[in-house]
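Novice: What follows is the residue order along each chain.
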Amino acid sequence: DGGITQSPKYLFRKEGQNVTLSCEQNLNHDAMYWYRQDPGQGLRLIYYSQIVNDFQKGDIAEGYSVSREKKESFPLTVTSAQKNPTAFYLCASSRTSAQETQYFGPGTRLLVL
Amino acid sequence: QKEVEQNSGPLSVPEGAIASLNCTYSDRGSQSFFWYRQYSGKSPELIMSIYSNGDKEDGRFTAQLNKASQYVSLLIRDSQPSDSATYLCAASGYSTLTFGKGTMLLVSP
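Residue numbers (the numbering used here), protein chains in the order written: chain A, 16 to 128; chain B, 44 to 152.
Mixed in with the good hints there might be a few duds.
Said to hold, decoys possible - Counterexamples of contact, computed for chain A against chain B with all Cβ distances above 10 Å:
{"id": "1", "residue": "34"}
{"id": "2", "residue": "39"}
{"id": "3", "residue": "44"}
{"id": "4", "residue": "86"}
{"id": "5", "residue": "112"}
What the hints assert, rightly or not - Under the rule of at most 20 Å between Cα atoms (straight-line distance), these lysine to aspartate or glutamate pairs were calculated in the EDC-like manner:
{"id": "6", "chain 1": "B", "residue 1": "144", "chain 2": "A", "residue 2": "74"}
{"id": "7", "chain 1": "B", "residue 1": "99", "chain 2": "A", "residue 2": "115"}
{"id": "8", "chain 1": "A", "residue 1": "24", "chain 2": "B", "residue 2": "88"}
{"id": "9", "chain 1": "B", "residue 1": "45", "chain 2": "A", "residue 2": "115"}
{"id": "10", "chain 1": "A", "residue 1": "72", "chain 2": "B", "residue 2": "46"}
{"id": "11", "chain 1": "B", "residue 1": "85", "chain 2": "A", "residue 2": "53"}
What the hints assert, rightly or not - Now the stretches of chain A that chain B is said to cover, found in silico as 3 or more residues with beta-carbon under 8 Å:
{"id": "12", "region": "65-78"}
{"id": "13", "region": "88-98"}
Quick caveat, the hints were computed from the structure, so don't treat them as lab data.
C-beta: ideal position from N, C-alpha, C; glycine also.
With these hints in hand, go ahead and build the complete structure from the sequences.
Specialist: Have a look at this one:
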């Protein structure tokens, strides 16, 4: 079954802690994306990657970091510098670029303790 | 700043009616447009994509694109209570998509 998986479904972060959200796809897609969704805010782009070992900042990259060491994987780290991390985080992928359909994973909901 | 504008709603329609959802975009260079449906607490799922001016039909859904007016719409015929969700419009840039904030649709039985 082809698709995008995200884990965990829920994640709790303590003050000053870095946490990493996992995103894996077996669609053989080149491009991967991370979005943050807050209530009533729509989707905002955090980081994106169009090829292995390369990634670019999106509109709200401050306080986040990513890596793209494998085509299938694009983990997102929420660092302690992100002061308001509570949100629904969505990972997506597309075959080559944003001109093509993006498919979304099920999402990770991050809550601050 | 590239923008995609949608009426937040809610748009309320009775079961069996036509629901009309609208979207405008600011980037004249956008080439690809997408409508996603998002149920509460779930991730977005693709409903329609459209790339050329005119209409594109898929079952009960019709997407309409007018690049001159920078306008995209989604019509849902024979609306069902299961269509109640937030509908996100997205327009492509060179490397990224810009999403609107979504329109909430409520279909009453």
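Novice: Determine whether the non-interface label on residue 34(A) survives the test: each CB of chain B must be over 10 Å from its CB.
Specialist: The assertion about residue 34(A) holds, with a minimum of 19 Å to chain B.
Novice: Please settle this one: residue 86(A) was flagged as non-interface, so is its CB more than 10 Å from every CB on chain B?
Specialist: For residue 86(A), whose nearest Cβ neighbour in chain B is about 17 Å away, the distance exceeds 10 Å, so it holds.
Novice: Below or equal to 20 Å on CA atoms is what counts here, so check residue 24(A) against residue 88(B).
Specialist: Holds: residue 24(A) and residue 88(B) sit about 18 Å apart, inside 20 Å.
Novice: Does the structure keep residue 45(B) and residue 115(A) at a Cα separation of 20 Å or less?
Specialist: Roughly 18 Å separates the two Cα atoms, so the pair holds.
Novice: Does residue 74(A) sit within 20 Å of residue 144(B), going by the straight-line distance between their CA atoms?
Specialist: holds (15 Å)
Novice: Are residue 85(B) and residue 53(A) close enough, with their CA atoms no more than 20 Å apart?
Specialist: With a Cα-Cα distance of about 13 Å, the restraint between residue 85(B) and residue 53(A) holds, given a limit of 20 Å.
Novice: In terms of beta carbon proximity below 8 Å, does the region 65-78 of chain A have 3 or more residues touching chain B?
Specialist: Since three or more residues must qualify, the claim that chain B covers the region 65-78 of chain A holds, with 3 doing so at under 8 Å.
Novice: Does residue 46(B) sit within 20 Å of residue 72(A), going by the straight-line distance between their CA atoms?
Specialist: Judged against 20 Å, a Cα distance of about 18 Å means the pair holds.
Novice: Hinted pair, alpha-carbon criterion (20 Å max): residue 99(B), residue 115(A). Please report holds or violated.
Specialist: Holds, because 16 Å separates the two Cα atoms, which is no more than 20 Å.
Novice: Just checking, residue 44(A) versus chain B, shortest CB gap more than 10 Å?
Specialist: Its Cβ never comes within 10 Å of chain B, the nearest being 14 Å, so this holds.
Novice: Would you say the region 88-98 of chain A counts as covered by chain B, given the rule of at least 3 residues with C-beta under 8 Å?
Specialist: Result for this restraint: violated, n = 0.
Novice: Far enough from chain B: is every CB of that chain over 10 Å from the CB of residue 112(A)?
Specialist: The claim breaks: residue 112(A) does not keep its Cβ more than 10 Å from every Cβ of chain B (closest is about 6 Å).
Violated hints, in rising order: 5, 13; the structure is consistent with all others.
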